[in-house]
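The hints should help you fit chain B onto chain A, whose structure is shown.
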Amino acid sequence: MKYGLLIQIARSLMLARLKQTMVAAVGVTFSITMFVALLGFMNGLNQLLDGLVLNRTPHIRFYNEIKPNPDQPIDLSESYRDFENTIRTIKPNSSRLRIYNSAAIIETLQADNRVLGVAPKVSTQVFFNVGTSDISGTINGIDVQAENALFSFADYVTEGNGSDLDQTNNGIILGKGAADRMLATIGDVIQATTARGDRIQLKVVGYYQSGLGDLDNVQSYASLQTVQKMLGEPPSYITDIQVKLHELDLAPPMAKDYEALFRVTADDIQTVNAQFETGTEIRNLISYAVGITLLIVSGFGIYNILNMMIYEKMDTIAILKAIGFSGRDVNIIFIIIALIIGVVGGTVGLMLGYLAGLGIDRLPFETEALPTIKTFPVDFNPRYYIIGGIFSLITTYLAGYFPARKASAVDPVEIIRGK
Amino acid sequence: MAKQLVLEARNIDKYFYSPQKTQVLKKISFTINRGEFVSVMGKSGCGKSTLLYILSTMDTSYQGQLLIDQEMITGKPPEYLSKIRNEKIGFVFQFHYLLNEFSVLENVLIPGLKLGKLGREALEVNAMEKLRIFGMEEHALKKAYQLSGGQKQRVAIARALINDPLIIMGDEPSGNLDKKNSDIVFGIFKELATEFNQTLLIVTHDPEFAEKTDRTIEMEDGNIIAQ
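Heads up: the sequence lines are chains A and B, in that order. Letter by letter, the first sequence follows residues 1 to 419 of the working numbering. Letter by letter, the second sequence follows residues 1 to 227 of the working numbering.
Next comes chain A alone, as it looks inside the complex:
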């Protein structure tokens, strides 16, 4: 089979109807451009929204939960062990928030090669004293460097500098909402009262804004040492250990294993934020549905134009058949035309889609809620380009298949006799 000749004939047929061919190709280009740009844009937004919560959430969090002891003394008693015991008004015992033997736990976690990083935290409730009124808040004592590396802490420090926490004695980064309520500006010294009644002076070195208003009204950050000092606890005092993993999916089983090993509560991200994954999946589904609809519409465009071309080229098809081209040859010619339109239109579409993505990426998008975002987010994942490319080929092939089959069935006698 001599495809060279067939390709040449396909080329000449297309050049003879250059405008029509271009219209078909532009249809493909447009839909692929939209597909790629739209998916990139929608997924960029998706990732942004997910990141808002997921980036700031540890994959596994270890802490001591204040809760009643599940092993009550009556269950241990010889005589009542086998009974169904009901005890009312059980209260939690005065268990400590502190994680016992935290240094060893951190060491163990860091040695685990599934773990990306570990960040210890001390969090405590305080009252900020503003004049005569008190505002409640939480101060998190953090390891600034670990927090930066794992949870991009610095991104959310909108004013001031996160590393000042380490350098300034009793430095604090206030949540934006809390700072606004206290009218505290950078450099001011504010007073806080701990749960035990101790008073402490803290110097404001920056503002923290996560984009989640509730969080920003309450959360403030200081260094580990500052908070330990506030509480009068030794440097081994840690209330939370946050872990980030290389693979998010490993979190639930690992949390379970370590929970048993360390005898502390371990929460994994999937359990805590199950609704986020569902949301992401549905948003993805919607964007793919829109994109594929676009491609199918352009497929009908190609189908129409090829159909018209075949009606116009009936004479040509009849002559080709009369001089020795088989139905299969004619079929191949029209499939080649469809695929060339698909490949050219698709390739240009992918390039324009990339450019459109770059364009959207430059558009300013500033909002109070998202301090780190200055422009619209776009995801340049090559997956969308591959899907777009493959789908453009499939739709053009199908759009060409039916007209081509019709062309191959043209009876030359009817055309020649019909003149």
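Hints are computed from structural coordinates only; laboratory data are not their basis. Any given hint might turn out to be false.
What the hints assert, rightly or not - Only pairs whose alpha carbons sit at most 30 angstroms apart, straight line, appear in this in silico BS3-like list of lysine-lysine: (1) B/Lys143 with B/Lys130; (2) B/Lys21 with A/Lys406; (3) B/Lys190 with B/Lys43; (4) B/Lys142 with A/Lys19; (5) B/Lys143 with A/Lys406; (6) B/Lys117 with B/Lys83; (7) B/Lys143 with A/Lys19; (8) B/Lys26 with B/Lys142; (9) B/Lys43 with B/Lys88; (10) A/Lys406 with B/Lys180; (11) B/Lys180 with B/Lys43; (12) B/Lys88 with A/Lys406; (13) B/Lys27 with B/Lys212; (14) B/Lys88 with B/Lys142; (15) A/Lys406 with B/Lys76; (16) B/Lys117 with B/Lys27; (17) B/Lys43 with B/Lys212.
Below, chain B alone, put in the same frame as chain A:
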């Protein structure tokens, strides 16, 4: 030279089914030998064109048998028939039927390229030679639609010749041309028959044209009345 059968029709019947069943060809049988210049003559509607389409293998819905080059053609698959048309039959139609998207030279080349026996360069030399025979070589690079009717018909004949076919079939090849061009076309056919010993089967309704051929098969109402 011993007579060699090029084409043989045996009892060919053909019916049209729409609007109602009518028999257009009734037990047509004849033979054509190598080098013969045969015309099929008859009035419009006598079935001569229908016969030609059957002989050319394009129409396959008939009863009877058709042999080309002493090979049974009836019942062969369409792909094979395409090959036969490409290799052994050259066509000249009433309405020239060149491919308008291509240049004159390419029009002549395409059946040769399809056959694939010779390379493109050798074919181009051949095609130019054929065009020269008909005085068309200076038009070789023009597009087909830029030619006049008579010129197109000459190119179509050149195309029919490119694969050195066993037989050339013409369906009123001069029917659409004026007297002068018609004479030119006839002159070409005559030359092909006498000088190149080319077998020709030409359908015409023009008795004057038919008279000048070696043999005339006369048809009326689907029957051969004289040959």
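Here's how the hints hold up against the structure:
1. B/Lys143 with B/Lys130: holds (17 angstroms)
2. B/Lys21 with A/Lys406: holds (27 angstroms)
3. B/Lys190 with B/Lys43: Holds, at roughly 23 angstroms.
4. B/Lys142 with A/Lys19: Judged against 30 angstroms, a Cα distance of about 22 angstroms means the pair holds.
5. B/Lys143 with A/Lys406: holds (28 angstroms)
6. B/Lys117 with B/Lys83: Satisfied, since the Cα-Cα distance of roughly 12 angstroms is no more than 30 angstroms.
7. B/Lys143 with A/Lys19: holds (19 angstroms)
8. B/Lys26 with B/Lys142: violated (45 angstroms)
9. B/Lys43 with B/Lys88: Within the cut-off at roughly 28 angstroms; holds.
10. A/Lys406 with B/Lys180: violated (41 angstroms)
11. B/Lys180 with B/Lys43: holds (23 angstroms)
12. B/Lys88 with A/Lys406: holds (27 angstroms)
13. B/Lys27 with B/Lys212: holds (27 angstroms)
14. B/Lys88 with B/Lys142: holds (28 angstroms)
15. A/Lys406 with B/Lys76: holds (22 angstroms)
16. B/Lys117 with B/Lys27: violated (37 angstroms)
17. B/Lys43 with B/Lys212: Given pair B/Lys43, B/Lys212 holds - Cα atoms ~18 angstroms apart, limit 30 angstroms.
Hints 8, 10 and 16, counting from the list given before, are not met by this structure.
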